[in-house]
Amino acid sequence: MVCVMSKRNLSVKVAGVKFPNPVIAASGTYGFGEDYNELYPINILGGISCKGLTLEPRNGNTPPRIAETPSGMLNSVGLQNPGVDAFIEKHLPFMKKHGNVVIANFAGGTIEDYVKTAEKLSNTNVDMLELNISCPNVKEGGAAWGGSPEAAVKVTKAVRAVTKKPLMVKLTPNVSDIAEIAKAVEAEGADCISLINTILGMRIDVKTRRPILRNNVGGLSGAAVFPVAVRMVWQAANAVKIDVVGMGGIMTAEDAVEMMLAGAKAVQIGTVIISDPYAPLKIIGGIKHYMNVNGIKSLDEIIGKCEIY
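Using my numbering, the first residue of the sequence shown is number -16, and each one after it goes up by one.
Wrong hints could be hidden among the right ones.
Said to hold, decoys possible - Capping the alpha-carbon separation at 25 Å, the derived lysine-lysine pairs in DSS-like fashion look like this:
#1 Lys(-4) <-> Lys190
#2 Lys103 <-> Lys79
#3 Lys224 <-> Lys140
#4 Lys190 <-> Lys166
#5 Lys103 <-> Lys1
#6 Lys103 <-> Lys140
#7 Lys280 <-> Lys224
#8 Lys265 <-> Lys80
#9 Lys137 <-> Lys147
#10 Lys(-4) <-> Lys80
#11 Lys166 <-> Lys147
#12 Lys147 <-> Lys224
#13 Lys79 <-> Lys(-4)
#14 Lys79 <-> Lys1
#15 Lys99 <-> Lys140
#16 Lys147 <-> Lys(-4)
#17 Lys265 <-> Lys(-10)
#18 Lys(-4) <-> Lys166
#19 Lys73 <-> Lys147
#20 Lys99 <-> Lys147
#21 Lys280 <-> Lys(-4)
#22 Lys265 <-> Lys79
Said to hold, decoys possible - Derived CB-CB ranges, DEER-like:
#23 Gly14 <-> Thr52: 35 to 43 Å
#24 Asp160 <-> Lys80: 41 to 49 Å
#25 Val189 <-> Tyr23: 36 to 44 Å
#26 Lys80 <-> Arg192: 46 to 54 Å
#27 Arg197 <-> Tyr23: 28 to 36 Å
Hints are computed from structural coordinates only; laboratory data are not their basis. Because the structure is a prediction, the values reported are computed rather than measured. The beta-carbon is built from N, C-alpha and C at its ideal position, and this holds for glycine as well.
Start from the sequences and build out the full structure, keeping to the hints where you can.
This is how it looks when you write it as structure tokens:
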């Protein structure tokens, strides 16, 4: 394990919320932190984006719903979660007791679902809301809310109207122009954006001639998507004035630094935690090592400092 002790200042502010370091556990990969707290103090992380919440409990999709791919994984878990009320009653007190910066990630199939969930979360001590607009809009034929500027505007505007919490909007990469979506949610009051969510993918079993996932398709994550994520973070960061949180295939400290050079003020890590639960500690330590070696005192010296040709 890499030592994480250093005199370097890793703290960052995202949408006015102070994080002790820029490494955040991404939604869906860290649960609510209970299991990982048995391995190390979870408040070592910069923050935790909790398992994606919905208004009512969800069992998720029928297995098989996870499959390995070259340099990554496919998942169609389907937002399995205990529901927002159970989170508020049981899981949030645990997370706050351990001193974590808590980002409440939430989703919905309708505008009404999003609004009701946001209202419930706004009456708690979560530090930030993360509006996941990568979910299907069930009233509009199943297209993702983040798939078009028009749909992204509708849901962002509705949620912004019912909460004063810092609002992060999580964008899908399955669009033709990520900058256009980023600017659209910024205009409707998003305090920051996070990207990218998973890329739609598929695997087929050549023996059975059926898709490996019961849902046929799933979200691709892991190292395979990293170059796409860096490109989209760079494009979005240059299109908006609000803060950007980068994610998508970050496996090492060098990846995290690269994402910050592209314009991310903080990063979320996900798939790597599944294969290595100690990855957050190693990445935090690796960022400090990079700063020490290069004489960097503050992450402001890194963020958005990519010098393009």
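Now the hints, each set against the structure:
no.: 1; hint: Lys(-4) <-> Lys190; verdict: violated, 51 Å
no.: 2; hint: Lys103 <-> Lys79; verdict: holds, 17 Å
no.: 3; hint: Lys224 <-> Lys140; verdict: holds, 18 Å
no.: 4; hint: Lys190 <-> Lys166; verdict: violated, 45 Å
no.: 5; hint: Lys103 <-> Lys1; verdict: holds, 23 Å
no.: 6; hint: Lys103 <-> Lys140; verdict: holds, 17 Å
no.: 7; hint: Lys280 <-> Lys224; verdict: holds, 24 Å
no.: 8; hint: Lys265 <-> Lys80; verdict: holds, 24 Å
no.: 9; hint: Lys137 <-> Lys147; verdict: holds, 17 Å
no.: 10; hint: Lys(-4) <-> Lys80; verdict: holds, 21 Å
no.: 11; hint: Lys166 <-> Lys147; verdict: holds, 20 Å
no.: 12; hint: Lys147 <-> Lys224; verdict: holds, 19 Å
no.: 13; hint: Lys79 <-> Lys(-4); verdict: holds, 19 Å
no.: 14; hint: Lys79 <-> Lys1; verdict: holds, 15 Å
no.: 15; hint: Lys99 <-> Lys140; verdict: holds, 14 Å
no.: 16; hint: Lys147 <-> Lys(-4); verdict: holds, 17 Å
no.: 17; hint: Lys265 <-> Lys(-10); verdict: holds, 17 Å
no.: 18; hint: Lys(-4) <-> Lys166; verdict: holds, 21 Å
no.: 19; hint: Lys73 <-> Lys147; verdict: holds, 23 Å
no.: 20; hint: Lys99 <-> Lys147; verdict: holds, 14 Å
no.: 21; hint: Lys280 <-> Lys(-4); verdict: holds, 16 Å
no.: 22; hint: Lys265 <-> Lys79; verdict: holds, 23 Å
no.: 23; hint: Gly14 <-> Thr52: 35 to 43 Å; verdict: violated, 23 Å
no.: 24; hint: Asp160 <-> Lys80: 41 to 49 Å; verdict: holds, 43 Å
no.: 25; hint: Val189 <-> Tyr23: 36 to 44 Å; verdict: holds, 41 Å
no.: 26; hint: Lys80 <-> Arg192: 46 to 54 Å; verdict: holds, 50 Å
no.: 27; hint: Arg197 <-> Tyr23: 28 to 36 Å; verdict: holds, 34 Å
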